[in-house]
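Starting from the known structure of chain R, arrange chains S, U and X on it as the hints suggest.
Below, each chain spelled out in residue letters.
4 protein chains.
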Amino acid sequence: MENQQTKGPAKMWGGRFKQPPDPDFEFLNESLRCDGRMLQEDLTLNLAWADALQGAGVLTAEERDAIVRALEELQTEWEGKRPPAAAAEDVHSFVEAMLVEKVGRLGYRIHTGRSRNDQVATDTRLHLIKEIAILQGRLAQMVKELLTLAESSWGVPMPGFTHLQRAQPILFSHYLLSFEAMLDRDFDRLSRAAQAANCLPLGSGALAGCAFPIQRRRLAQALGFQEISRNSLDAVSDRDFLCDFLYAAAMLMMHLSRLATDFILFSSREFNFLQMGDRVTTGSSIMPQKRNPDAMELVRGKAAIMESRLLGMLSLLRGLPSGYNKDLQEDKAPVFAAIDELGMILRVVRCALADTQIKAEVLRRAAADSFLLATDLADYLVQKGIPFREAHHIVGRVVGYALDREKELTSLTLAEYREFSEEFDADVWHWLNLESCLERRSLEGGTAPSRVRQALEEAQRRWDPRLPEPTAAESGKDTV
Amino acid sequence: MENQQTKGPAKMWGGRFKQPPDPDFEFLNESLRCDGRMLQEDLTLNLAWADALQGAGVLTAEERDAIVRALEELQTEWEGKRPPAAAAEDVHSFVEAMLVEKVGRLGYRIHTGRSRNDQVATDTRLHLIKEIAILQGRLAQMVKELLTLAESSWGVPMPGFTHLQRAQPILFSHYLLSFEAMLDRDFDRLSRAAQAANCLPLGSGALAGCAFPIQRRRLAQALGFQEISRNSLDAVSDRDFLCDFLYAAAMLMMHLSRLATDFILFSSREFNFLQMGDRVTTGSSIMPQKRNPDAMELVRGKAAIMESRLLGMLSLLRGLPSGYNKDLQEDKAPVFAAIDELGMILRVVRCALADTQIKAEVLRRAAADSFLLATDLADYLVQKGIPFREAHHIVGRVVGYALDREKELTSLTLAEYREFSEEFDADVWHWLNLESCLERRSLEGGTAPSRVRQALEEAQRRWDPRLPEPTAAESGKDTV
Amino acid sequence: MENQQTKGPAKMWGGRFKQPPDPDFEFLNESLRCDGRMLQEDLTLNLAWADALQGAGVLTAEERDAIVRALEELQTEWEGKRPPAAAAEDVHSFVEAMLVEKVGRLGYRIHTGRSRNDQVATDTRLHLIKEIAILQGRLAQMVKELLTLAESSWGVPMPGFTHLQRAQPILFSHYLLSFEAMLDRDFDRLSRAAQAANCLPLGSGALAGCAFPIQRRRLAQALGFQEISRNSLDAVSDRDFLCDFLYAAAMLMMHLSRLATDFILFSSREFNFLQMGDRVTTGSSIMPQKRNPDAMELVRGKAAIMESRLLGMLSLLRGLPSGYNKDLQEDKAPVFAAIDELGMILRVVRCALADTQIKAEVLRRAAADSFLLATDLADYLVQKGIPFREAHHIVGRVVGYALDREKELTSLTLAEYREFSEEFDADVWHWLNLESCLERRSLEGGTAPSRVRQALEEAQRRWDPRLPEPTAAESGKDTV
Amino acid sequence: MENQQTKGPAKMWGGRFKQPPDPDFEFLNESLRCDGRMLQEDLTLNLAWADALQGAGVLTAEERDAIVRALEELQTEWEGKRPPAAAAEDVHSFVEAMLVEKVGRLGYRIHTGRSRNDQVATDTRLHLIKEIAILQGRLAQMVKELLTLAESSWGVPMPGFTHLQRAQPILFSHYLLSFEAMLDRDFDRLSRAAQAANCLPLGSGALAGCAFPIQRRRLAQALGFQEISRNSLDAVSDRDFLCDFLYAAAMLMMHLSRLATDFILFSSREFNFLQMGDRVTTGSSIMPQKRNPDAMELVRGKAAIMESRLLGMLSLLRGLPSGYNKDLQEDKAPVFAAIDELGMILRVVRCALADTQIKAEVLRRAAADSFLLATDLADYLVQKGIPFREAHHIVGRVVGYALDREKELTSLTLAEYREFSEEFDADVWHWLNLESCLERRSLEGGTAPSRVRQALEEAQRRWDPRLPEPTAAESGKDTV
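As they're listed, the protein sequences go chains R, S, U and X.
First residue of the first sequence: 79, per our numbering; consecutive thereafter.
First residue of the second sequence: 79, per our numbering; consecutive thereafter.
First residue of the third sequence: 79, per our numbering; consecutive thereafter.
First residue of the fourth sequence: 79, per our numbering; consecutive thereafter.
Be aware that one or more of the hints could be misleading.
Identical chains blur together in the list; that is why a pair holds if it fits in one copy or across any two.
As the list claims (entries may be wrong) - SDA-like cross-link-like pairs, simulated, lysine to any residue; straight-line CA separation at most 20 Å:
no., residue 1, residue 2
1, Lys437, Arg347
2, Lys485, Glu497
3, Lys96, Val178
4, Lys159, Leu125
5, Lys222, Arg544
6, Lys208, Asp505
7, Lys96, Asp356
8, Lys180, Phe265
9, Lys437, Glu348
10, Lys208, Ala411
11, Lys208, Arg160
12, Lys180, Arg142
13, Lys96, Asp482
14, Lys208, Gln273
15, Lys437, Asp482
16, Lys222, Ala493
17, Lys437, Asp505
18, Lys410, Arg115
19, Lys222, Arg308
20, Lys180, Ala432
21, Lys485, Phe95
22, Lys96, Phe498
23, Lys462, Glu141
24, Lys96, Ala432
25, Lys159, Leu492
26, Lys485, Gln219
Hints are computed from structural coordinates only; laboratory data are not their basis.
Treat the numbers as computed from the prediction; the structure is a model and nothing was measured.
Bound-form chain R, shown alone (with noise of 0.2 Å):
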């Protein structure tokens, strides 16, 4: 490779080439800034390459195992680290230049039979795989302080909310549930971006197939894939399962922006349900008495430039021609920051609520709201033979009546009432009380404290089993 005209780093290619390139395209062009992250994923691929070529009878047995054994040392000295900046054009060069720096012109075979844009598809999956497998143990992880909060604040009502207007009393712990419902489609949609990624497209070169006899299952086998891809042209420019996971974290962090406003506001002076920790609030410079609810503005803040990635990325891929192009080049930083800002994000949300304080006493009191239990009102003239459409409409009489005249719902007299239908009758007070009104909902899904308890139990049951071990959780830090 004599010859290399450009001042930067070796490049894989050139050979017909007479000028070097332009400073600022070598810089936008060169990918190891960010695809360096994939080296320790570029070396077991290498690995399991070097084998597959010695199946293809393109290695011996000895320069087999001389590039297996550089390769295992290359794992330990670059163990936790990244290749230094512009240190080559991307991660296959780096990898490719350092195995030649230990075995020589050795090295220079493992190129054999493919391509970067197969080698590249690799690796991004088995990375993406993993990164998959760490979030979805955050995951858990949050999910599980929702649960102990839901369980920690049991029985406390409050009023449910439509159109951010007081509609329906319910427990607490039942709101809290529902983005446990969210969060385990989400839990879902990771799986199945995983799943997606779980194919390998080693094996078909550039775009056409591979020409040497690599037996790509056993290839497969090795890298820990569960499948292999069908049609060599796919294969290189399928960037499918990162659309599928950058969705999935497009959804995660949209229901866990809607958790964020609630918060915003319960934590407000007007709604003041619960008061958010230290940990995760901020002051402010010029106003001392600040409380900001600043790490759920971020969650929120964050869930808008999430959405904007995907976003980029299907536009990034719409009407391209077909096979590989260098625009997919792009693909990964969007990725790689949806990635870090995700697993940041899961652990700052966890702390937020292992560390509010709810209100207990408020959201009694909020829910103790006589005109919460208007639609209880007009249920008890359905069962006492009203048609639902009219008991509706003589109840938002009563309720224009004791709104013109500030009262409660509670404290109007039966006679009042009396005056509105003459099926009122004093069994209307049983109807007229929070906690008969939190029972009757006792259908599966309901806000009856028996079904939340039940659903409750069967949410710890569900992620209970999703949490990581112990160690990897403590030790999942060093992706960030």
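Leaving out everything else, chains S, U and X in the frame of chain R:
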């Protein structure tokens, strides 16, 4: 319901309102133009609900029978029709009003124990499940046409591209099958969206659950749902299944846009690889010689719009306070537009594929470009024992030499080759050959004819069972 | 034009086509449903073009007169109407067909020297300019209502928020005027979009320019354009003006969405700062006590959809080969939807503002929260000579002390204050006072009543000239 | 500020906080990595603020002088450097800490009367104004290269395309100038974004205005702002100027993506219209013959990402409660990334244009395609008196006839022409001619050589004054 003060259609509420809605607001708020297409689903739901109310003791057997009879009449009367614009606030109000017209005051009982919140979620899920099945049938028909083209163009080679530069020869059928791989993932994503929709929210009330002893699992069975929702608050505001569908639709369109880009290119005068049919091209109002690939351009353009629908939905949901908010009403317009457009696009692309005439001679000539064999030339040196990286470099210089002299790789002499490496020998000509180049790529996923044949047969076995029943295919048209 | 083989509407092309279009494709391709709303613009364009063709010697004076007469008749006949669906491929074909119906073969002369490419670009620009003027008028009417509310609520304080936490007291009018500032920028952005549209593409032909001696500047004048396009290839594919409009619309909706979020919050039971009117709120089908701020929720939701329209357009244009591509046909649907929706939203928000009842007492009470004066307490120490950062820290501790004891800052004793700093003295009570706190913020832009009064008057002077003529305001309705 | 309980960097707040921030939250919350690049702007702001505080009587002349001296030292010491990661919570805290290090307790006075809310808004505006000027200079340099290419390729015709089908001949220079027209609008949009940024928020405090008698107009003058903000609440949360910039950047990238698509096509083997230079292309790691237009592909890909940044920002802002919210902190990362990427892209495209070799012979041959003259053939009949629509139809049939026989329009005999219309005569050959076809399109904006020459000269006059000073051009590099 005396005293209805609004001039517009009857409302289900209003007991305590003193002024009618502003007409502009009423227009914005009215959703019948949009949700009217779910009339049959709403009737089906009402039928099942009448049974459930009888089960819960709210309706007598006679009342239930009268209501069921009326609803069945409505099913027939409105078969294939939509409610007139502005006939009601939404499809639920419309059905209640129609029912009251038929059975009088009894009709006012139907809304017992439910809310429009759980009702609209249920209708939308029923509708989406039905529409996805139709779309999947059309997708299968379209892919079938793709496979037919792969069959009819059997054996024709073409230059495979990366970076829109000719790279290596592949079979045209191999090229087509790369889209089968993408579309198979899309079929799967559509199935998952249908699966996500397959969960009954009805019985969740407005947010807190239902206070009447409805049998939710029986209800689910009656309506064909496999699961019931697990948390009432989540059930009324969960729109994940719509996102899943829009995501699947955006991905499918993205893949079709890549096919479209290719076909637009391939039918240009410069590529001239194929001619699109009269049925999917247009002329120019000013240039009489033009044959414009409009259908494919519209596919590409509509892919951008489809992607924006997903985005709009994600943005709509982000940061919403939990529970139902009216913002959610904006969910249906993009989803219905996506269904209709996708349905039409799938048929148009099917038609385009059916009419495509490939220009076998042009493709063959392009595939015979000797520079496409440069990789094989390097592989030749590899099997002579030269490390690939060096072989690549040597061939790079050969290529530069040939280009400078405007010669093909196949027209250099052996002597010229040996200037670059002594490993070149007479057997090099065997490697510099289109057929052997194709055949060497015989791993799974490669472009070797034997492999492609196998892949084609597998694809046929995969898609045949997905084809709609002949009659369904014909009658599918009315949903557009 | 004998031998028209298609069953659909007449085409302007087709001389060399042997098969009629596929019906699905024809439906996709037909743009009359969408561009039919530009019928009057297309007639206007044709009138000016007839003159231009006479000027160029293509038409005689008699021919021009006959055509002009026919077009003027059409203007009258179709006043306020749209072409029937599927009556032609697009509005241009429709007009040519109508013209031929009136003047016979002479009508076939009108398309001389032009293309549908420059024609549709011209129509769209004319249409957008007209619609933006209407939208700006409605925006001015809406802002006028905002200023009226600022006037009628004069003097009422409220807590200003950052991070949704109470921060410092401000005037409610000051709060409202913050939106005037945003909407003024939006007005300006709409003006720029109109300015961007104000450039005549007609005379650019299909892409290469016009080959007849048309006077383009005279044509521009006749159609009311200030400029003529400078490059024919750019002129037929330039959609920047549509992007500029969608961007302006998205920004305007974004600002309105922030107003909507505030008003939804403010009308919650917890904030209770204001009540929205019956005309823009709705009730619940199940909960008789509800008053839901639907109008504002729809504003917020539609802002998400508006943003997605801009995105769809940008994505549509990205990466298109230069010159006209059929993808561009997808430009009009989102733009027209944006115009209609924005027009309606502006009127609904105007109505919402007109009916808003602020709850002065609640606002006053909330503004009297003594912790809002913490910054002023720090400023007090500053003017005593303590560096701000230290003062901030001291007050931070005072606040903590008061909160721990559940006291207001105003109910601590001077002795207690002096525990934290000896600089506290009796004059501190003057600083711990809502009125003086407001008045001290008297710089330009501040919330001091005198400043706000001035800002309000400037705003009135700014917007009054932007109000539409009374009649235009009334008749504006028909464009929805 | 004793008792700082957090292990992280010093905070400007915290008086009443009892627990330090969670480390993950602290990392998310810390903005110095991002806003550290505005260090010089923050120092400039502090200098002006020290003057203003003296004017307001908060600082004595001596205090002001000491602070100014220290800040000027900091300006020098940090010239071209960024603060070390994690050195402070944000750039404002960093500067205050540095100042305190130099001047002791006096430094604690600098934050008087201001908030980080108005401070960061001011810094960002100063930074954006500076960066836009640099970007505009680079844009001018790039366009200059485009004009140079238009000059050096003078007289070369090419086929103009619509629908990627050859349409009519144009000059290659005319084609290039279509981009000049787009980029001129982009230059203008960048100017408007700079104009939008040119308004001073400082003096707005946290939200309510400033309580010290600062001279805001003098402050604006000192910092180079033309206007001062009009409403304090708007001033601290207005991010319109960032949206305006991201919109301008997205549009510019969209236009460049169209150029990129063309150049990728044009440098394909099939088009072969031009060759891109070694400095902006790359080879393949496996296919030695490849020359990939990576630079242009990256431009196209990065345009998708740029569009997503705008989208993320709009989505971030939508629905936010008014006033400052922490979500706004997410505004800077996408803007700074946009600045850096755009700056690099503009230089790379400039380089690509400088190195482009057009293949005049290929272009000429393609432009000589006689079917490109079909429109002129129709025009020929028009000037013989045949209505255009009929002429179009006649020529359509001629074209079909020629295609069926695989003949050029120029190789049909007059007798054959007269089969289609008796109006064809010997003078038809004059019309069937590339040069006359070009020359006939001589209206403003047309492709006639005389017009294009004029347009080229105007473009040169337009862009020359926009070129940066030579030195600025060279030194611009450091901002990347």
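Consistency of the hints with the structure:
1. Lys437 - Arg347: Both. Shortest intra-copy (12 Å) and inter-copy (18 Å) distances satisfy the 20 Å Cα cut-off.
2. Lys485 - Glu497: within (16 Å within a copy, 46 Å between copies)
3. Lys96 - Val178: neither (25 Å within a copy, 56 Å between copies)
4. Lys159 - Leu125: Intra 19 Å, inter 42 Å, cutoff 20 Å: intra-copy only.
5. Lys222 - Arg544: within (10 Å within a copy, 41 Å between copies)
6. Lys208 - Asp505: neither (61 Å within a copy, 46 Å between copies)
7. Lys96 - Asp356: The answer is between: 7 Å across copies meets 20 Å, while 61 Å in one copy does not.
8. Lys180 - Phe265: neither (43 Å within a copy, 48 Å between copies)
9. Lys437 - Glu348: both (13 Å within a copy, 15 Å between copies)
10. Lys208 - Ala411: The answer is within: 17 Å in one copy meets 20 Å, while 27 Å across copies does not.
11. Lys208 - Arg160: within (17 Å within a copy, 34 Å between copies)
12. Lys180 - Arg142: within (13 Å within a copy, 62 Å between copies)
13. Lys96 - Asp482: Between copies only: 12 Å across, 87 Å inside.
14. Lys208 - Gln273: within (12 Å within a copy, 27 Å between copies)
15. Lys437 - Asp482: So Lys437 and Asp482 pass the 20 Å test across copies only (15 Å; inside, 31 Å).
16. Lys222 - Ala493: Close neither inside one copy (51 Å) nor across copies (48 Å); limit 20 Å.
17. Lys437 - Asp505: neither (32 Å within a copy, 37 Å between copies)
18. Lys410 - Arg115: Only inside one copy: Lys410 and Arg115 sit 10 Å apart there, 25 Å across copies, limit 20 Å.
19. Lys222 - Arg308: between (40 Å within a copy, 18 Å between copies)
20. Lys180 - Ala432: neither (50 Å within a copy, 41 Å between copies)
21. Lys485 - Phe95: between (87 Å within a copy, 18 Å between copies)
22. Lys96 - Phe498: Between copies only: 18 Å across chains, 94 Å inside a chain, cut-off 20 Å.
23. Lys462 - Glu141: For Lys462 and Glu141, the Cα distance is within 20 Å only across copies (16 Å; inside one copy 89 Å).
24. Lys96 - Ala432: between (62 Å within a copy, 16 Å between copies)
25. Lys159 - Leu492: neither (77 Å within a copy, 48 Å between copies)
26. Lys485 - Gln219: neither (46 Å within a copy, 39 Å between copies)
Figure legend: structure checked against the earlier numbered hints; hints not met, in rising order: 3, 6, 8, 16, 17, 20, 25, 26.
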